[in-house]
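Read off the chains here:
Protein chains: 2
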Amino acid sequence: MTVSFLEDLAVGQTFASGRLRVDGEGIKRFAAEFDPQPFHLDERAARATLFRGLAASGWHTAALTMRLLVESEFRPAGGFIGASMDALRWPRPVRPGDELRLEIVILAIQPSKSKPGQGMVKMRVTTLNQADKAVQEYVANIVVLARRREEPARRCT
Amino acid sequence: MTVSFLEDLAVGQTFASGRLRVDGEGIKRFAAEFDPQPFHLDERAARATLFRGLAASGWHTAALTMRLLVESEFRPAGGFIGASMDALRWPRPVRPGDELRLEIVILAIQPSKSKPGQGMVKMRVTTLNQADKAVQEYVANIVVLARRREEPARRCT
Numbered sequence: 001m002t003v004s005f006l007e008d009l010a011v012g013q014t015f016a017s018g019r020l021r022v023d024g025e026g027i028k029r030f031a032a033e034f035d036p037q038p039f040h041l042d043e044r045a046a047r048a049t050l051f052r053g054l055a056a057s058g059w060h061t062a063a064l065t066m067r068l069l070v071e072s073e074f075r076p077a078g079g080f081i082g083a084s085m086d087a088l089r090w091p092r093p094v095r096p097g098d099e100l101r102l103e104i105v106i107l108a109i110q111p112s113k114s115k116p117g118q119g120m121v122k123m124r125v126t127t128l129n130q131a132d133k134a135v136q137e138y139v140a141n142i143v144v145l146a147r148r149r150e151e152p153a154r155r156c157t
Numbered sequence: 001m002t003v004s005f006l007e008d009l010a011v012g013q014t015f016a017s018g019r020l021r022v023d024g025e026g027i028k029r030f031a032a033e034f035d036p037q038p039f040h041l042d043e044r045a046a047r048a049t050l051f052r053g054l055a056a057s058g059w060h061t062a063a064l065t066m067r068l069l070v071e072s073e074f075r076p077a078g079g080f081i082g083a084s085m086d087a088l089r090w091p092r093p094v095r096p097g098d099e100l101r102l103e104i105v106i107l108a109i110q111p112s113k114s115k116p117g118q119g120m121v122k123m124r125v126t127t128l129n130q131a132d133k134a135v136q137e138y139v140a141n142i143v144v145l146a147r148r149r150e151e152p153a154r155r156c157t
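Those sequence lines, one after another, are chains A and B. Taken in order, the first sequence gives residues 1 to 157; the numbers are from our numbering. Taken in order, the second sequence gives residues 1 to 157; the numbers are from our numbering.
What the hints contain is simulated information worked out from the structure, not anything from laboratory work. One or more hints might be untrue.
A few chain B residues that don't get close to chain A, going by computed Cβ distances all over 12 Å [as the list claims (entries may be wrong)]: (1) G24; (2) E103; (3) T126; (4) A131.
With a Cα cut of at most 25 Å, we get these calculated SDA-like pairs of lysine to any residue [to be verified]: (5) A:K122 - A:R75; (6) B:K115 - A:A134; (7) B:K113 - B:A83; (8) A:K133 - A:V105; (9) B:K133 - B:S72; (10) B:K133 - B:E43; (11) B:K113 - A:A48; (12) A:K122 - A:D8; (13) A:K113 - B:P93; (14) A:K115 - A:I142; (15) A:K113 - A:R124; (16) A:K28 - B:P36; (17) A:K122 - B:S84; (18) B:K28 - A:I81; (19) B:K28 - A:R21; (20) A:K28 - B:D23; (21) A:K28 - A:R44; (22) A:K28 - B:G82; (23) A:K133 - A:A87; (24) B:K122 - A:G82; (25) B:K28 - A:S84; (26) A:K28 - B:S72; (27) B:K122 - B:R67; (28) B:K28 - A:R29; (29) B:K113 - A:R92; (30) B:K113 - B:D8; (31) B:K113 - B:R124; (32) B:K122 - B:Q13; (33) B:K113 - A:P91; (34) A:K28 - B:E73; (35) B:K133 - A:D86; (36) A:K115 - B:R47; (37) B:K28 - B:L128; (38) B:K122 - A:F51; (39) A:K28 - B:L68; (40) A:K122 - B:G82.
Idealized CB from N, CA, C, for every residue including glycine.
Can you build the whole structure from these sequences, using the hints too?
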């Protein structure tokens, strides 16, 4: 897996990820620490809610997506440093037993004017379940390093 | 703490949260599971990165924010069910020892036309550190239940 510098990326480029299985225990453990609400903690209580059954916290899905991203084909130089995130949606719940994977597409590349050694890359990250249905989607702006530029040749007079 | 139904909310209303202290061990534990990158895992390795020191994963901050939200003054009827999220930003890093708290403000309230028992509430959630500096900000759209409407009186003839 090679590292992508800013100059190596192109709009429309896509990257895939591995797969990650979500289980009920993991859903409840995350929820107990970060999102203790009945629909994320208990199968029985979840049935009476809008979710109609146990569902992962959206932030759990986001965290699992980050894990898949870090281990995906896309290795931006400098690592994944998210500056901002837009249009984060959870179109359907993540259920125990779901197997998640990512589709990553580069939407825009903007070299920095003030910091010539880096730039901003806009990418859409879609998290799909085993039925190829989207369970999460967002557009992220990340900071990506440019190739180290050669120092200009010194002229000695 | 009383539950807020859709009709109880007003644009401009604000809510506060408790406080939550972040420590280095928690930062590394979250990162090892969900965001295994040097700047979230190891003080020494983090010094050579854009972060110049250990910093929490943005998704860790988002998860801690959810915990503070669930335990905040704001108790929407039906719980916190996020439909979507916009303008998620991390203006500065969360460091070991930081103490986080939230400011929540209601931006818009939209009763559902198709589902009369519920509506959408837009709120800005700002996560601040002990120096009152924002470390995270987003605008969320959540589903909030309306008060159970009385059945129309039956007329018996």
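Hint check:
Chain A leaves B:G24 outside its interface by the beta-carbon criterion, the shortest separation being 17 Å against a cut-off of 12 Å. Even its closest Cβ contact with chain A, about 19 Å, leaves B:E103 beyond 12 Å, as expected for a residue assigned away from the interface. With a minimum CB-CB distance of about 14 Å to chain A, B:T126 clears the 12 Å threshold, and the non-interface call stands. Listed as a non-interface residue, B:A131 keeps its Cβ farther than 12 Å from every Cβ of chain A; the least gap is roughly 21 Å.
Taken as a hint, the A:K122 and A:R75 pair is honoured in the structure, with Cα atoms around 14 Å apart against an allowance of 25 Å. Proposed proximity of B:K115 and A:A134 is supported: the alpha carbons are some 24 Å apart, at most 25 Å. Taking the CA atoms of B:K113 and B:A83, the gap is about 16 Å. The hint holds against a cut of 25 Å. Between A:K133 and A:V105, the direct Cα distance comes to roughly 17 Å. Compliance with the 25 Å bound is thereby established for this hinted pair.
In summary, the hint linking B:K133 to B:S72 is supported, as the alpha carbons are separated by about 19 Å, within the 25 Å threshold. Distance hint between B:K133 and B:E43 is fulfilled; the C-alpha atoms sit about 23 Å from each other, no more than 25 Å. Taking the CA atoms of B:K113 and A:A48, the gap is near 23 Å; set against the 25 Å cutoff, the hint holds. Taking the CA atoms of A:K122 and A:D8, the gap is near 14 Å; set against the 25 Å cutoff, the hint holds.
With a CA separation close to 23 Å, the supplied pair A:K113 and B:P93 stays within the 25 Å bound. Proximity of A:K115 to A:I142 is assessed by CA-CA distance (about 14 Å); at most 25 Å being required, the pair is judged to hold. Note on A:K113 and A:R124: the hinted pairing holds, with a Cα-Cα distance of about 23 Å set against a maximum of 25 Å. A C-alpha spacing of about 22 Å is found between A:K28 and B:P36, which places the hinted pair at or below 25 Å, so the restraint holds.
Proposed proximity of A:K122 and B:S84 is supported: the alpha carbons are some 19 Å apart, at most 25 Å. Straight-line distance between C-alpha atoms of B:K28 and A:I81 comes to about 16 Å, which keeps the hinted pair within the 25 Å bound. In summary, the hint linking B:K28 to A:R21 is supported, as the alpha carbons are separated by about 22 Å, within the 25 Å threshold. A hinted pair counts as satisfied when its Cα atoms are at most 25 Å apart, and A:K28 with B:D23 qualifies at roughly 23 Å.
This hinted pair checks out: A:K28 and A:R44 have alpha carbons roughly 13 Å apart, not beyond 25 Å. Of the supplied pair hints, the one linking A:K28 and B:G82 holds, its CA atoms being roughly 18 Å apart against a limit of 25 Å. For the hint pairing A:K133 with A:A87, the CA-to-CA distance comes to about 17 Å; that is within 25 Å, so the pair holds. Restraint check for B:K122 and A:G82: satisfied, since their Cα atoms lie roughly 23 Å apart, inside the 25 Å limit.
Between B:K28 and A:S84, the direct Cα distance comes to roughly 22 Å. Compliance with the 25 Å bound is thereby established for this hinted pair. A hinted pair counts as satisfied when its Cα atoms are at most 25 Å apart, and A:K28 with B:S72 qualifies at roughly 21 Å. The suggested pairing of B:K122 with B:R67 holds, with an alpha-carbon distance near 19 Å, which does not exceed 25 Å. The hinted pair formed by B:K28 and A:R29 meets the criterion: a straight-line CA distance of about 17 Å does not exceed 25 Å.
Between the alpha carbons of B:K113 and A:R92 the distance comes to roughly 21 Å, so the proposed pair stays at or under 25 Å and holds. Annotation: proposed proximity of B:K113 to B:D8 holds, straight-line Cα distance about 18 Å (limit 25 Å). Pair hint B:K113 plus B:R124 holds up; C-alpha atoms about 23 Å apart against a cutoff of 25 Å. As the CA atoms of B:K122 and B:Q13 are separated by approximately 11 Å, the hinted pair is consistent with the 25 Å bound.
A C-alpha spacing of about 19 Å is found between B:K113 and A:P91, which places the hinted pair at or below 25 Å, so the restraint holds. Only pairs whose Cα atoms come within 25 Å are accepted, and A:K28 paired with B:E73 is accepted, the gap being roughly 24 Å. At most 25 Å may separate the alpha-carbon atoms for a hinted pair to count; B:K133 and A:D86 meet this at roughly 22 Å. A distance of roughly 19 Å separates the Cα atoms of A:K115 and B:R47; the hinted pair therefore holds under the 25 Å criterion.
A hinted pair counts as satisfied when its Cα atoms are at most 25 Å apart, and B:K28 with B:L128 qualifies at roughly 21 Å. Proposed proximity of B:K122 and A:F51 is supported: the alpha carbons are some 20 Å apart, at most 25 Å. Restraint check for A:K28 and B:L68: the C-alpha separation of about 18 Å stays at or below 25 Å, so the hint holds. Taking the CA atoms of A:K122 and B:G82, the gap is near 23 Å; set against the 25 Å cutoff, the hint holds.
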